[in-house]
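Guided by the hints, dock chains A and W onto chain Y, whose structure is given.
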Amino acid sequence: MRENDLILQTVSKVAVFIILTFGVYLFLSGHHNPGGGFIGGLTLSSAFVLLYLAFDVESVNAGIPLNYKMVAAIGVLIAIFTGMGSLLFGRAFLSQSSAYFNLPVFGKTGFATVTLFESGIALGVVGVVITIMISISEDV
Amino acid sequence: MISIHAFILIPILTAFLIPFIGKQFPKWHLGWVTLAVPILLFSFFVSKIPVISANRTITGSIPWIRALDLHFAVYLDGLSLIFTLLIAGVGSLVVLYSIFYLSKEKESLSHFYAYLLLFMGAMLGVVLSDNLMVLYLFWELTSISSFLLIAFWFHRKKSRYGAQKSFLITVGGGIAMLVGFIMLQVMTATNSVQEIIAMRDSIQDHELFVPALVLILLGAFTKSAQFPFHIWLPDAMEAPTPVSAYLHSATMVKAGLFLVARFTPVFGGEATWFWLVSGVGIFTMFWGSFTAVRQNDLKALLAYSTISQLGLMMSLFGLGSAALQGGASIDSIIYTQAIFAALFHLVNHATFKGALFMVVGIVDHGVGTRDVRKLGGLLSLMPITFTLSVIGSFSMAGLPPFNGFLSKEMFFTAVLNAHEMSMFSMDTWGLLFPVIAWIGSIFTFIYSMFIVFRTFLRPYRRERLEKDPHEASIGMLLSPIILCTFVILLFFFPNLLSKYLLAPAMNGILPTYQNMEGFIPKISAWHGFNLELLMTAGVVILGIILMNTYRFWNVIYDLFPEKRSLDRGYQWLLAASESGSKKATDHYMTGFLPNYLYYIFGFLLLTVGGTLFLSGSIVFDPSNDAPVSLYEAIFVGIMGITAVGILFAKSRMTATLLNGVLGYSIAVFFVLFKAPDLALTQLVVETVTTVLFLLCFYHLPEWSKEDRSWKVRFPKIILSIGMGALTVLIALSVQGNNLFESISSYFEDSYELAGGRNIVNTILGDFRAFDTMLEVVVLFIAGIGVYTLVKLKAPQGGDKIERK
Amino acid sequence: METVITLLVGLLVSVATYLLLSKNVIRVVLGSAILSHAIHLLLITMGGLKKGGVPILGDKVETYVDALPQALILTAIVISFAVTSFFLALMYRTYQSIGTDNLHEMRGTNDE
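Residue numbers (UniProt numbering), protein chains in the order written: chain Y, 1 to 140; chain A, 1 to 804; chain W, 1 to 112.
Simulated from the structure, these hints should not be mistaken for lab results.
By construction, the Cβ of each residue, glycine as well, lies at the ideal position given by its N, Cα and C atoms.
Any given hint could be a false lead.
[Stated by the list, open to error] Result set (SDA-like, lysine to any residue): computed pairs, CA atoms no more than 25 Å apart in a straight line: (1) 791/A / 86/W; (2) 716/A / 24/W; (3) 50/W / 791/A; (4) 106/A / 26/A.
[Unchecked claim] Simulated coverage check for chain A against chain Y, where a stretch passes if three residues somewhere in it have a Cβ under 8 Å from a Cβ of chain Y: (5) 675–688; (6) 774–786.
[Unchecked claim] Simulated DEER-style distance windows between Cβ atoms: (7) 710/A / 62/W: 51 to 61 Å; (8) 511/A / 90/Y: 49 to 59 Å; (9) 25/Y / 771/A: 38 to 48 Å; (10) 62/W / 17/Y: 25 to 35 Å; (11) 99/W / 737/A: 48 to 58 Å; (12) 25/A / 61/Y: 36 to 46 Å.
One chain only, chain Y, in its complex shape (with noise of 0.2 Å):
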């Protein structure tokens, strides 16, 4: 169905590391600077959308062999189960707290619950969005 787009393909093969380490920096600067889960998890699944733009879904998927729907599902439990740990301390369901740690290397470092939260909507979104890319894509 696709022409051997090699341009696209080499092109896409660095561009697509850009995305995911872009992804994954907004994904984590969300706190303080624009980004957050939400844009973190698209931003990531727009570079997998990308390598089945250039590579058809068959390599692709031989290439990163993963369920997408575990994903998905993965990450919709990694945010219910985080918002309930808040219950364990007697918090309402969902709260959040944060704390900051001076570790060695990294200095003054923060860590708050709300970022496994965020890792669950990101994780959530990234499997849903390409759960439904491929979905469509696949069936010909």
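Showing chains A and W alone in chain Y's frame:
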């Protein structure tokens, strides 16, 4: 006292357990298990007789929904005690009888007994509730269980028809009753029946008083099968005979009488109440007995006789309510006797009619038919059954030495007294009561005799019967024997019943007459030669004559052909409403999506636009606007042209790309409006969406041209412009009317509250994390939806199998 | 600025409504996508435009634009993406089973 609550709930809870017991012990006949429940209930309520007969009441209340004044409140007085004893007592006998009537192998007993117990609990709830809403709840529950029991043999078409009919009529009446209850609640601001009774004087002039009265009576009339709502009861006879004996003669159909008795202290003395209850009652009494005579099916005959007897009791309650007109006085105490007679007959009817139903069940079981044209000469073959039927039907006909004689005499006394009433314009119409009652009693005599003579005497013709007739087993005979014993015992010792049960009930219904001389009469069989005795004698003589000349005068029934009966009216109404609603629905449910959207948008325009216009809240105040820069103006222009361009796009590819332009322009606006997170998200989402569109196009044909005729386009254009204008108006009005302080400043403390500097992100992840979590769940559901839509396909022909 | 954007939103809503009333399924799906564009713009306009800095706490600016509509829109964008993709899958599947993309031909009475 909590225990009464428990006893209402025991049968209902057991009903849920019955199927499991049936599974666990398949060898047991479930009837034996079930039997324990009514016996337990009966002994409990018998143990309450000493308390109640000392003129005390037992009350208790469990709060349920306080804000709505909804409490599970119970109230046990003499009236409810009579009913509880009937429910539990007849219930025990019926369950015992059913053990031998329903075979374990053929019938689905767990269903039967579960429904029966459900009914028992619901009926107890009806007679014991003090809270209107709880009463209504149990009331409808009896209708539902009755529906299930009538449709017990659901493979028969007639069973389903009868079940649906009874359900529609009784539930319809129940809803009317609910409205009446709500009106009462509005008038008195309480849901407690006893409190309402105490407030009687203050609500009598309220404008809702009479409507509430009529609506509550509608509920009572439909339930108690009063004319013209009686048509459901004959069809309800499709139920197994134990059910007919229990629900449709002894208990459920008397719920309407209970309701009338319970509300007599509230509405009694009102002319509307008097005329409706006694008038409808006496006519039902006549019509039921008149129609019963022509029936060939023994059960149908008994059904019409039940209707007639219910009418008799209903009219007595109505006549007795006259005693409350103008307050309690020694002059009108004579009218209270009607209510006494009603209560007495209530008990008597339960005994003899229960026995008769069981007898008919035995005949049906033993012979295989209930058609009197085929029956005859069973006397020598079923002697015990014959004796029982004689006791039952002679009591029903009002002959001594059976209890029916006593209450029939009292009925005559009551109608004769009513004839002399000086209120409610009875001096002109009063004569009708004794006359109709007398005529009705003649027919009652005739059909009672028919049961005995046509079934057991006449020549025996084996060739017309399906089975060899034989006497029933002792287990089946036990219950009717017990009931018939009561029939005779009550004739000889009626005053025991009067002292322990009827007197407290009378005090409950007519509290103002309590302790007055002559309020509780002494029942005796012999009053000397008076008018009542003459009337009875006349009934017997005329009855015998008419019975023997039946074939000469039965042409009278041709005056009431099937075609023009009420039943046909009901069927026509049902069919007409079904076809009418189908027609109406077909008219607007076209299955064409744009039509539905027209309704939705049109309605939105009408309501929201109308509200905006009528409330005059359209405001336009651009003074607070930010200035427009050149770039922004350019982008607005681009978006406007793009949007209009989509409408004229020749190919779907162009349209999708133009949609993409719109999306990216919005991302630009997000940047201009200081929303970097949004801009990023919008860019990625727009890309992915466009890719998705293109993927789909790969599988779909090029889009076809829309209909270009003005007839199609004009309404579309009008509606579109309307929607756009409405949006603009709403948005401008919202900006112009600053009614509330913005809450957004709260989130600007996000660093202190949530430890994040990005306000948008802290809202998503912390302040409104619930939204975000559910949002990702929605996204997930959509993903699964897409996957299943595309991937899962029913195998060839799967649709057809499903449709079967 | 607010008034201008509001008028633009009105135009977008009109176009979206017109498309939604079409017979062709693709037009309907496009209409729903444009409708969500319009609503996103409307939401952000409701919070007031250009009234302060980017809503990220820092030392330089004192006032920020309203962050609440932004959070709502972020949610809305993702949901509308989910809805659009579901519509597309539905459209695709319907075409496969019934063989038409015309709503007028889709109305059936067999299953009602």
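Results of checking the hints against the structure:
At roughly 13 Å between alpha-carbon atoms, residue 791/A and residue 86/W fall within 25 Å of each other, so this suggested pair holds. The hinted pair formed by residue 716/A and residue 24/W meets the criterion: a straight-line CA distance of about 14 Å does not exceed 25 Å. Taking the CA atoms of residue 50/W and residue 791/A, the gap is near 47 Å; set against the 25 Å cutoff, the hint is violated. Note on residue 106/A and residue 26/A: the hinted pairing holds, with a Cα-Cα distance of about 13 Å set against a maximum of 25 Å.
Requiring three or more residues with a Cβ within less than 8 Å of a Cβ of chain Y, the coverage given for the region 675–688 of chain A holds, as 8 such residues are present. Check result for the region 774–786 of chain A against chain Y: holds, 8 residues qualifying (beta carbon to beta carbon below 8 Å, three or more required). About 57 Å separates the C-beta atoms of residue 710/A and residue 62/W, a value consistent with the hinted range of 51 to 61 Å. The given range of 49 to 59 Å is respected by residue 511/A and residue 90/Y, whose C-beta atoms sit roughly 56 Å from each other.
At about 25 Å, the CB distance of residue 25/Y to residue 771/A disagrees with the hint of 38 to 48 Å. Evaluation of the 25 to 35 Å hint for residue 62/W and residue 17/Y yields a failure: the beta carbon distance comes to about 40 Å. Between residue 99/W and residue 737/A the beta carbon distance is about 52 Å. The supplied range of 48 to 58 Å therefore holds. A hinted range of 36 to 46 Å is violated for the C-beta pair residue 25/A and residue 61/Y, which are about 57 Å apart.
Against the hints set out earlier in the document, violations occur for numbers 3, 9, 10 and 12.
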